[in-house]
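Just so you know, the protein sequences line up as chains A and B, in that order. Per the working numbering, the first sequence starts with residue 1, numbered consecutively. Per the working numbering, the second sequence starts with residue 1, numbered consecutively.
Just to be clear, a hint being listed does not mean it is correct.
Heads up, the list lumps identical chains together, so a pair's fine if it works in one copy or across two of them.
Okay, derived cross-link-like pairs now, DMTMM-like style, lysine to aspartate or glutamate, Cα gap no bigger than 25 Å in a straight line [as the list claims (entries may be wrong)]: (1) K219 x E240; (2) K312 x E56; (3) K219 x D52; (4) K128 x E263; (5) K128 x D76; (6) K128 x E235; (7) K128 x D288; (8) K128 x D114; (9) K128 x D52; (10) K219 x E36; (11) K128 x D268; (12) K128 x D10; (13) K312 x E40; (14) K128 x D30; (15) K32 x D52; (16) K128 x D236; (17) K312 x D288; (18) K128 x D12; (19) K128 x E258; (20) K128 x D287; (21) K32 x E204.
Quick caveat, the hints were computed from the structure, so don't treat them as lab data.
Number of protein chains: 2
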Amino acid sequence: MSETSVLVLDADPPPRLDRLEGRARVLHADAKSLAERLPEADVLLVWDFLSDAVREAWPGGGARPRWVHTPSAGVDRLLPELAGSDVVLTNARGVFDQPIAEYVAGLVVAMAKDFFGSRELQRQRRWKHRETMRVGGTRAVVVGSGPIGRKTGRTLQALGVEVDLVGRTERDGDPDFGRVHGGAALHGLLGGADWVVCVAPLTEATRGMFDAAAFARMKPGARFINVGRGQHVVEDDLVEALLEHRIAGAALDVFAAEPLPVESRLWDVPGLVLSPHMSGDTVGWRDDLATQFLDNFDRWYAGEPLLNVVDKQLGYVPGG
Amino acid sequence: MSETSVLVLDADPPPRLDRLEGRARVLHADAKSLAERLPEADVLLVWDFLSDAVREAWPGGGARPRWVHTPSAGVDRLLPELAGSDVVLTNARGVFDQPIAEYVAGLVVAMAKDFFGSRELQRQRRWKHRETMRVGGTRAVVVGSGPIGRKTGRTLQALGVEVDLVGRTERDGDPDFGRVHGGAALHGLLGGADWVVCVAPLTEATRGMFDAAAFARMKPGARFINVGRGQHVVEDDLVEALLEHRIAGAALDVFAAEPLPVESRLWDVPGLVLSPHMSGDTVGWRDDLATQFLDNFDRWYAGEPLLNVVDKQLGYVPGG
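Only chain A is shown next, with the shape it has when bound in the complex (with noise of 0.2 Å):
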């Protein structure tokens, strides 16, 4: 096997590539200059995973690379430039499941628990007790059945939460859920939910599926929780059903616009805790990411299958 070109998509701090040593040459792109550079690529490392470049960049002239991987679990940024070429794409599947299910499983806590109050209330030095939710009995429906999504859910089942997982096409018989919900099924699951959590792939199917109507159908005791991507929601209409308490809080770590404006109207809704695209990032999660790359790497250098490629017409990774 000649020298293969692995061209990374630059985003600081860079990955640690020294298993490459040997087996690859090592490019570097920033978003300017990876059109110029891509028809020298055999591999390309979508480092910047927050990135548009790779998107603008893929239709120009030039061969392409044959396989692209990209550190995250959304492929959104990637869509649909790639799908129509015959490139193999890879993403990060299995390395957020766990942190992204540890976060949202303390923001249903902290909610449930007034947890954000209490601190306010300790910064005005004051002493009110106040009777909180349990959460043991209540309801969750959580969209996106694919590794984070199931995570989620048996992780707030553990809390004794009742949990509807909802996927895109409906199927019985799941060792952890029983029945896994077609999308078609979640208006009519909102209303008995407490919790509605969204953990789903950013697809057509899918964008702007938290709207007005979606709201509507919830109950006024009923919180959201949005890991997903910021495209699922309508952010105005959440705002609208904040203000107009139609739900009772919601708690988003994603958004259309990111880094969020310091002007949006979001930052200080009543009821909506905000953080900054950080539920999946524990310390090392950079490590862990170039050592998946790596391990794909070490299988396609092999000429064995890789692991976690995408369909790109879905969107994301089918299966279990």
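Place chain B on chain A using the hints.
For chain B alone, coordinates are given in the frame of chain A:
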């Protein structure tokens, strides 16, 4: 059986005791009148379980109730005064297990993921991505091997935490925790813990157990959570440990003095999260507590053995 007199040490709101009708005469007392009314009572329901009135009135003259029920897990406000008599003392074992376990699990995630830091950044309209702590794979020492401690430990295990449970006496072969460590092992375990959680009953053996010597054993990255009793902690030693960064953070739901005085230095120690003794108090908790008493009254009235009988020497309900 002649009509039983049930004396209620009142608190607001009062308990719903309709089920006693026809079987018991319900008398009421407040802290002032308690001593005078005690001799009339067969049963004392310490509805105001935060009061020290029973401890103060008990040593006085006249007959004493044969059964005292406190709708709390801890019985420290009744001992040692009741320990010298042959009164049967029962508590609210069981009611608080799930809520407190949820609360502790939520605090663990909230601190791991810096929810409170994100909230402050939200107030400032600042987008600041951080890497946070993965909860799965961390280690916790949970002090207290009663039902609340066990449920807390199992809930943390469900989040992927390795849990060392510490009780009064060492025992092996526990189905959930393998070895339950004895109190003497505590200091040896603290150095390995990311989380140190106190859910112990307050006894002479546990009073002040979290002191400078204990905090000195913990890692700089360790966080301490107290949902037991304020007197488990030497609060000044905790403040020093936090100010000198000998541990990374703490959350207190209970305090040596409650309500926490407005002038307390605890309110604004960096890294210290406070809440007003509410970890177990979920909506409907007072009804649950009244029902638990009434169920036990049914047994009393039928001449059956009571449930949740406290060992007044140990200071808690022994076993399991």
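Now for the hints, and whether the structure bears them out:
Proximity of K219 and E240 under a CA criterion of 25 Å is satisfied intra-copy only: 15 Å inside one chain copy versus 46 Å between copies. Taking identical chains as interchangeable, the C-alpha atoms of K312 and E56 lie at most 25 Å apart only when both belong to the same chain, with a minimum of 17 Å there against 74 Å between chains. For the identical chains of this complex, K219 and D52 are neighbours neither inside a copy (37 Å) nor across copies (42 Å), given an alpha-carbon limit of 25 Å. For the identical chains of this complex, K128 and E263 are inter-copy neighbours only, at 15 Å across copies versus 33 Å inside a copy, given an alpha-carbon limit of 25 Å.
With identical chains, the CA atoms of K128 and D76 are at most 25 Å apart between copies only, with a shortest distance of 23 Å across copies and 45 Å within one. In this assembly of identical chains, K128 and E235 lie within 25 Å of each other by CA distance solely across copies; the values are 21 Å between and 33 Å within a copy. Within a single copy, K128 and D288 get their C-alpha atoms only as close as 43 Å, which misses the 25 Å cut-off; across copies the closest is 22 Å, which meets it. Both within a single protomer and between protomers do K128 and D114 lie at most 25 Å apart by alpha-carbon distance, with minima of 12 Å and 23 Å respectively.
For the identical chains of this complex, K128 and D52 are inter-copy neighbours only, at 21 Å across copies versus 48 Å inside a copy, given an alpha-carbon limit of 25 Å. For the homomeric pair K219 and E36, neither the shortest alpha-carbon distance inside one copy (52 Å) nor that between copies (51 Å) is at most 25 Å. Taking identical chains as interchangeable, the C-alpha atoms of K128 and D268 lie at most 25 Å apart whether they share a chain (23 Å) or sit on different chains (16 Å). Taking the closest pair of Cα atoms, K128 and D10 come within 25 Å of each other only across two copies (20 Å); inside a single copy the shortest separation is 50 Å, beyond that limit.
For the identical chains of this complex, K312 and E40 are intra-copy neighbours only, at 23 Å inside a copy versus 79 Å across copies, given an alpha-carbon limit of 25 Å. Proximity of K128 to D30 under the C-alpha cut-off of 25 Å is restricted to the inter-copy arrangement: shortest distance 23 Å between copies versus 53 Å within a copy. For the homomeric pair K32 and D52, the shortest alpha-carbon distance inside one copy (11 Å) is at most 25 Å, but the shortest distance between copies (72 Å) is not. Taking CA atoms no more than 25 Å apart as the test, K128 paired with D236 passes between copies only; the shortest distance there is 23 Å, against 33 Å inside one copy.
For the homomeric pair K312 and D288, the shortest alpha-carbon distance inside one copy (24 Å) is at most 25 Å, but the shortest distance between copies (53 Å) is not. Proximity of K128 and D12 under a CA criterion of 25 Å is satisfied inter-copy only: 15 Å between copies versus 45 Å inside one chain copy. For the identical chains of this complex, K128 and E258 are inter-copy neighbours only, at 11 Å across copies versus 36 Å inside a copy, given an alpha-carbon limit of 25 Å. For the homomeric pair K128 and D287, the shortest alpha-carbon distance between copies (21 Å) is at most 25 Å, but the shortest distance inside one copy (44 Å) is not.
With identical chains, the CA atoms of K32 and E204 are never at most 25 Å apart, being 28 Å at best within one copy and 69 Å at best between copies.
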